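Undergrad: Take the given structure of chain A and dock chain B to it, following the hints.
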Amino acid sequence: MRHIMTKTIEAADSVRDYLAGQERKSLLRFLTCGSVDDGKSTLIGRLLSDTKQIFEDQLATLERDSKKHGTTGEDVDFALLVDGLEAEREQGITIDVAYRFFSTPKRKFIVADTPGHEQYTRNMATGASTADLAIVLVDARQGVLAQTRRHSIIASLLGIRHIVLAVNKIDLVDFDQAVFDRITANYAEFAKDLGFASIVPIPMSARYGDNVVRRSDRIAWYSGPTLVEHLETVVVDDAAVEMPFRFPVQYVNRPNLDFRGFAGTVASGSVSQGDEVVVAKSGKASRIKRIVTQGGDLKSAVAGQAVTLVLADEVEISRGNMLVAPTARPHVADQFAANLVWFNEQALLPGRSYLLRTETDQTSATVTELKCRINVNNFAREAAKSLEMNEVGICNISVQAPIAFDTFVENRTTGAFILIDRVTNATVGAGMIVHALRRADNIHWQSLDVDKKERALAKNQRPAVFWFTGLSGSGKSTIANLLEKKLHASGRHTYILDGDNVRHGLNRDLGFTDEDRVENIRRVAEVAKLMADAGLIVIVSFISPFRAERRMARELMPSGEFIEVFVDTPFEECARRDPKGLYAQALSGKLKNFTGVDSPYEAPENPEIHLKTLGKSPETMVETLDEWLRQRDIAEQQYEQGGGI
Amino acid sequence: MLAKLTHLDRLEAEAIHIFREVAATFSKPVMLYSVGKDSSVLMHLAMKAFYPAKPPFPFLHVDTTWKFREMIEFRDEMARKLGFDLIVHINEEGVRDGINPFDSGSNTHTHIMKTVGLRQALDKYGFDAAFGGARRDEEKSRAKERIFSFRDAQHVWDPKNQRPEMWKIYNTRVAKGESIRVFPLSNWTELDIWQYILQEDIPIVPLYFAKERPVVERDGMLIMRDDERMKLKPGETIENRMVRFRTLGCYPLTGAIDSDADSLEGIVSEMLTARTSERQGRLIDRDEAGSMEKKKREGYF
Chain A
6 MRHIMTKTIE
16 AADSVRDYLA
26 GQERKSLLRF
36 LTCGSVDDGK
46 STLIGRLLSD
56 TKQIFEDQLA
66 TLERDSKKHG
76 TTGEDVDFAL
86 LVDGLEAERE
96 QGITIDVAYR
106 FFSTPKRKFI
116 VADTPGHEQY
126 TRNMATGAST
136 ADLAIVLVDA
146 RQGVLAQTRR
156 HSIIASLLGI
166 RHIVLAVNKI
176 DLVDFDQAVF
186 DRITANYAEF
196 AKDLGFASIV
206 PIPMSARYGD
216 NVVRRSDRIA
226 WYSGPTLVEH
236 LETVVVDDAA
246 VEMPFRFPVQ
256 YVNRPNLDFR
266 GFAGTVASGS
276 VSQGDEVVVA
286 KSGKASRIKR
296 IVTQGGDLKS
306 AVAGQAVTLV
316 LADEVEISRG
326 NMLVAPTARP
336 HVADQFAANL
346 VWFNEQALLP
356 GRSYLLRTET
366 DQTSATVTEL
376 KCRINVNNFA
386 REAAKSLEMN
396 EVGICNISVQ
406 APIAFDTFVE
416 NRTTGAFILI
426 DRVTNATVGA
436 GMIVHALRRA
446 DNIHWQSLDV
456 DKKERALAKN
466 QRPAVFWFTG
476 LSGSGKSTIA
486 NLLEKKLHAS
496 GRHTYILDGD
506 NVRHGLNRDL
516 GFTDEDRVEN
526 IRRVAEVAKL
536 MADAGLIVIV
546 SFISPFRAER
556 RMARELMPSG
566 EFIEVFVDTP
576 FEECARRDPK
586 GLYAQALSGK
596 LKNFTGVDSP
606 YEAPENPEIH
616 LKTLGKSPET
626 MVETLDEWLR
636 QRDIAEQQYE
646 QGGGI
Chain B
115 MLAKLTHLDR
125 LEAEAIHIFR
135 EVAATFSKPV
145 MLYSVGKDSS
155 VLMHLAMKAF
165 YPAKPPFPFL
175 HVDTTWKFRE
185 MIEFRDEMAR
195 KLGFDLIVHI
205 NEEGVRDGIN
215 PFDSGSNTHT
225 HIMKTVGLRQ
235 ALDKYGFDAA
245 FGGARRDEEK
255 SRAKERIFSF
265 RDAQHVWDPK
275 NQRPEMWKIY
285 NTRVAKGESI
295 RVFPLSNWTE
305 LDIWQYILQE
315 DIPIVPLYFA
325 KERPVVERDG
335 MLIMRDDERM
345 KLKPGETIEN
355 RMVRFRTLGC
365 YPLTGAIDSD
375 ADSLEGIVSE
385 MLTARTSERQ
395 GRLIDRDEAG
405 SMEKKKREGY
415 F
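Going down the list, the sequences are from chains A and B. The numbering of the first sequence is the numbering used here, which starts it at 6 and goes up by one. The numbering of the second sequence is the numbering used here, which starts it at 115 and goes up by one.
Check before you lean on any hint, since a few could be wrong.
Far from chain B by the CB rule (all over 12 angstroms, computed), these chain A residues [unchecked claim]:
no.	residue
1	E123
2	S161
3	D186
4	G200
5	R220
6	H498
7	G586
8	T618
Restraint-style ranges between C-beta atoms, simulated for each label pair [as the list claims (entries may be wrong)]:
no.	chain 1	residue 1	chain 2	residue 2	range
9	B	R183	A	E234	46 to 54 angstroms
10	B	R183	A	P563	58 to 66 angstroms
11	B	V270	A	P563	33 to 41 angstroms
12	B	D123	A	L262	28 to 36 angstroms
13	B	I352	A	D222	56 to 64 angstroms
14	A	S593	B	V270	37 to 45 angstroms
15	A	S31	B	E342	50 to 58 angstroms
16	B	A289	A	K376	32 to 40 angstroms
17	A	Q147	B	V270	35 to 43 angstroms
18	A	K597	B	D199	56 to 64 angstroms
19	B	A289	A	A92	22 to 30 angstroms
20	A	T238	B	P320	40 to 48 angstroms
21	B	M385	A	D222	29 to 37 angstroms
Quick caveat, the hints were computed from the structure, so don't treat them as lab data. Bear in mind the structure is a predicted one, so any value in this text is a computation, not a measurement. We put the beta carbon where it would ideally sit given N, CA and C, even for glycine.
Next comes chain A alone, as it looks inside the complex (with noise of 0.2 angstroms):
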C-alpha cells in the first residue's frame, strides 16, 4: 500500500513538474499570410501534423473530408484541417482567420492563419493586429504579387517587426536556388521601407514538409533554419514593461460607498502601492493606495495585468479616462494624424461622421483630411477623396472630445483605434496614431461671459433647430416658410438656412457626390449649430437624404433642441408635381446623382415629427410644428422648476 501511494506522489509530482515547464515557455503569436492558393493553411495543417498536435479522430475526420473535398488527389488535405467554416472546405479557398495552437519542447504557439483573397483583407487585419511575428507565403512559380505587398504594408502598419519569407512550393520550381534568390531579393528591395527588423527567407515546400519541421535533403544549398528551428528562437521584445505607465480605466467598481477602484489591464510599464499617478485628461495627481486582486492586495503591477486600482484621493476619473505616470504623459488632445485601414463597403468619406474606440474611450470623430492613399503595390502615396475596401491611407482625424494617447509606434495598446459606423454598428476602419496635431493644442476654447442662455433670454425663446428632411418637391420650403412667418408673427427670432440658397454662397465649392453631399450636411449643421447657439430657431430645409449625417447633426446639439422632421411625400408625388424640372431630367439620364433616382434616399427612423403630406394643407401641418414647439417649452419649464424629474 505504501509502495503504491509514494508511485502516485511520485507521478503526481512529475506531472506537476512538466506543468512548471509549459509555465516557462514563453508564447509566440504569429500569422500566415500572402496571396491565395500560396499555401497558407497547407503549412499551418503540416506544422499541426509533424510537431503531432493532431489527434487519432481528427486524422481520421481529415483523411474522409480529404477524399471528399481535398485538392491534393490521393494525398491528405491539411488545408482542411484549418478551414473550417462549410463554404471554405467547399470552395477550397479560406474566408476567416482561424487560430490554432501548438507547442514544441522549447516554446508555444498561436498562429492565425489568415485568408488570401484581397476582399478578405479585413479578416488577415483582424490575425495581424494581435500577432508579433508574420510568415508571408509566396508560390515559388508566381514570385512576389499584389497581395504579397498588401498583406506586408499591413503586417507593417500593424506594428509587426519580424518577417518569415516562405519561399513555398518550391519542388514544383525543382528546387531551383535561382528562383528563390530571385524572389528573396524581390522582396527585400520592396520591403526595405516597410521598418521590419527582420526578414528571414526560407525555402519549403508545406505539402511534403521539407524545411517546415524536418531539414530537406532536396534543398540541399540552403544552410539557412528550418521554419520551425527559426519560430523557436526568434526574439521578439517585449518592451511594454519598460515603457512609461499607462492604465486606460475600463469599469469603475463600487459595490459600496467604502470601495472606489478602477479596474483594468496595464497597457505599458508598471506601477507600485505609493506611486504617484496622473489622470491623463485632466491632470489630477494622486497615489496608488491599493492593488486589489481576489487573490489579496499586490505590491506592484506590470504591464499585462489586469488589476483593480485604489487611489489615496477622491478624484473624478471615469470609463475612457487613463491613469499615467506624472513625469511621462500621453498626449490628450482632439485631433491627430493617423495610417488608416479601411474595411467596408461603403468608402471612408471625409467629412462623415464616425464613432472612435480606442481600448476603453469612445467618441464621435470625423476624417477631416484625407492626405494620402498608399498605393500597395510600390508604397507611393497618391492624391484619394476616399478610402474604398482594403485601401490604406494617411488621414487626419479630429474628435468630438479629446481622448489620451500615444503614438502607436511607442505603444501599441494606447495609439490604436477603431471606426464604428453610426448606423449599422460595423466596424469599417482601423487606425495607428501617428501623431497629434498642434492645433488642437493652440486652439482653446473661449469661456465667454454672455453664454447661450443669457442670449436666448435676451430674446425671450429657447433655441430650437428644425431639421426638415425629404426628397425635392416634398414641401419641405413650402412648410419651412409658412413655419417662418408664424413664428415671426409671434414674435420668436428665427433664419431659414435652404439647401438651395447655402448652395449658392457657402457651398458653392460643392457637387452631388457623396462625399460633396456629406460636407454640405456638414457646413450646413455647424452654422445651424452657430445660430441656436446665437440664441436662434433654425429651420433648416434640406434633402439630408443619408441618416449617418443627420444623426452627426443632431449629435452637434444639446438634446431637445434637435427637431428631426420628416417630410414624407412619395416619390411618385414629387415627381409629378416636379416644381423645378429636375424629376424630368433626372428620369431621362441628363442629371446624375439625383436623390430617389440615382442616389439613395434613407428615410429617418424615428423622427420627433413625421409629416404625412399627401391630403393635408400646409397650414395645418405648420400648426403641429408649432403644437409641438409649445409642448417642448412648457415641459422643459416645468423640468427646470423641478415639476419634470
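TA: Relative to chain A, chain B alone:
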C-alpha cells in the same frame, strides 16, 4: 525585481479584461453556465474580475432535463456557496412534446432542448450579451470565431461576415434585439484549462474523476445509465467499470472513457498521452459533417 507573467497569468488577465469590457458596455449581460469544467473556470474568472464586488450579471443554465444528476447537485451547491444569481431555464414546450435523446434522436433533442431553449431564455430576459466557455482549440468552426461574436435578432451567426476584431479593442455596439456572444476562454487550450484548475484549486463536478460507474456500451460509446429513463436494448448489459468523462453534457449523449485517473494530476497525465480529442466523446458532433458550425449558426453555443 518585477514578476514576469506566466502563460496562465496572461490568459487570466485577458479573460478578466473581457469580462469587465462586457460589464462596462452592455446593458444586460448574462453568463451561460453549463456546469462543465470550462464553466467552472469561467465562473472562477468572473469572481476575480469584479472582486470585491460580485459579478454584475446572473448565471443562466439551460437545463435539458437529461443532465447527469451530479451536475445538477454541483450547480446548486456552487450557486449557494458563491451566492450568484442563478437562472434555470427549461424548454417546457419540448418537455410537453416528450422530446428526449432516445426517441427524438440526438440532433432533434439537442436542437430543441438546448439551442431553442437557450434562444427562449435569451429572448425572455432580453439579454444583450452572453458569456460562453467555448475555446478555439475545441473544434474547427470555433477556431474561426471572434471573441466578441455578433448575433442578429434571430440569434444567427453569420460566419462569412464577422466583424473585424482588432487588438483588444472590441466593438460592443448592438441594435435592439441583436446580441453578442462573448468567449473569454477563446485562447485557452484544454491543457491550459486543467493546469489552471490545478493551480487555482477550482472545484469541478466529480464525474471528471475516475470511479466505478454503471455503464452500457452503445454505438461504440460507453453511456452511463444515470436513471431509469434509459431503457436497455436487447443484448445490452450494465457493467460497473472504472470510467470518467472528458466533457459533460446530456448523459445519454456523453461517452465515458476507461480510466483510473482519480486526481487532477492523473487527468493531466492521461491527457498528455491521449490520442483522441475531447469532443470525440460527444455524439452530437459526429452526426453530420460541419455539424458544429450548423448548430452554431442556429444559435447553439
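Undergrad: All hints, please: hold or fail.
TA: Outcome of the hint check:
A/E123, annotated as away from the interface, keeps every beta carbon of chain B farther than 12 angstroms; the closest lies near 15 angstroms. Every Cβ of chain B is farther than 12 angstroms from the Cβ of A/S161; the closest lies at roughly 15 angstroms, confirming the non-interface assignment. The Cβ of A/D186 sits about 36 angstroms from the closest Cβ of chain B, beyond the 12 angstroms cut-off, so the non-interface label holds. The Cβ of A/G200 sits about 19 angstroms from the closest Cβ of chain B, beyond the 12 angstroms cut-off, so the non-interface label holds.
Its beta-carbon lying about 27 angstroms from the closest one in chain B, A/R220 satisfies the requirement of being farther than 12 angstroms from that chain. For A/H498, the shortest C-beta to C-beta distance to chain B comes to about 39 angstroms, beyond the 12 angstroms cut-off, and the non-interface label holds. Separation of A/G586 from chain B is adequate, the least Cβ-Cβ distance of about 40 angstroms exceeding the 12 angstroms criterion. Distance to chain B confirms A/T618 as a non-interface residue, since its nearest Cβ pair spans about 29 angstroms, more than 12 angstroms.
For the pair B/R183 and A/E234, the supplied restraint of 46 to 54 angstroms holds, since their beta-carbon distance comes to about 52 angstroms. Checked against the hint of 58 to 66 angstroms, the pair B/R183 and A/P563 passes, with Cβ atoms roughly 59 angstroms apart. Between B/V270 and A/P563 the beta carbons are some 38 angstroms apart, a value that agrees with the proposed interval 33 to 41 angstroms. The beta-carbon spacing between B/D123 and A/L262, approximately 32 angstroms, falls within the hinted interval of 28 to 36 angstroms.
For the pair B/I352 and A/D222, the supplied restraint of 56 to 64 angstroms holds, since their beta-carbon distance comes to about 57 angstroms. Checked against the hint of 37 to 45 angstroms, the C-beta distance between A/S593 and B/V270 comes to roughly 43 angstroms, which is consistent with it. Evaluation of the 50 to 58 angstroms hint for A/S31 and B/E342 yields a pass: the beta carbon distance comes to about 53 angstroms. Separation of B/A289 from A/K376 is about 33 angstroms and conforms to the stated range, judged on CB atoms against 32 to 40 angstroms.
Between A/Q147 and B/V270 the Cβ separation comes to about 38 angstroms, which falls inside the hinted range of 35 to 43 angstroms. The beta-carbon spacing between A/K597 and B/D199, approximately 59 angstroms, falls within the hinted interval of 56 to 64 angstroms. Our hint of 22 to 30 angstroms for B/A289 and A/A92 holds, since their Cβ atoms are close to 26 angstroms apart. In this structure the supplied range 40 to 48 angstroms holds for A/T238 paired with B/P320, their Cβ-Cβ distance being about 44 angstroms.
Look at B/M385 against A/D222: about 36 angstroms separates their beta carbons, and that is inside 29 to 37 angstroms.
The structure meets every hint from the earlier list without exception.
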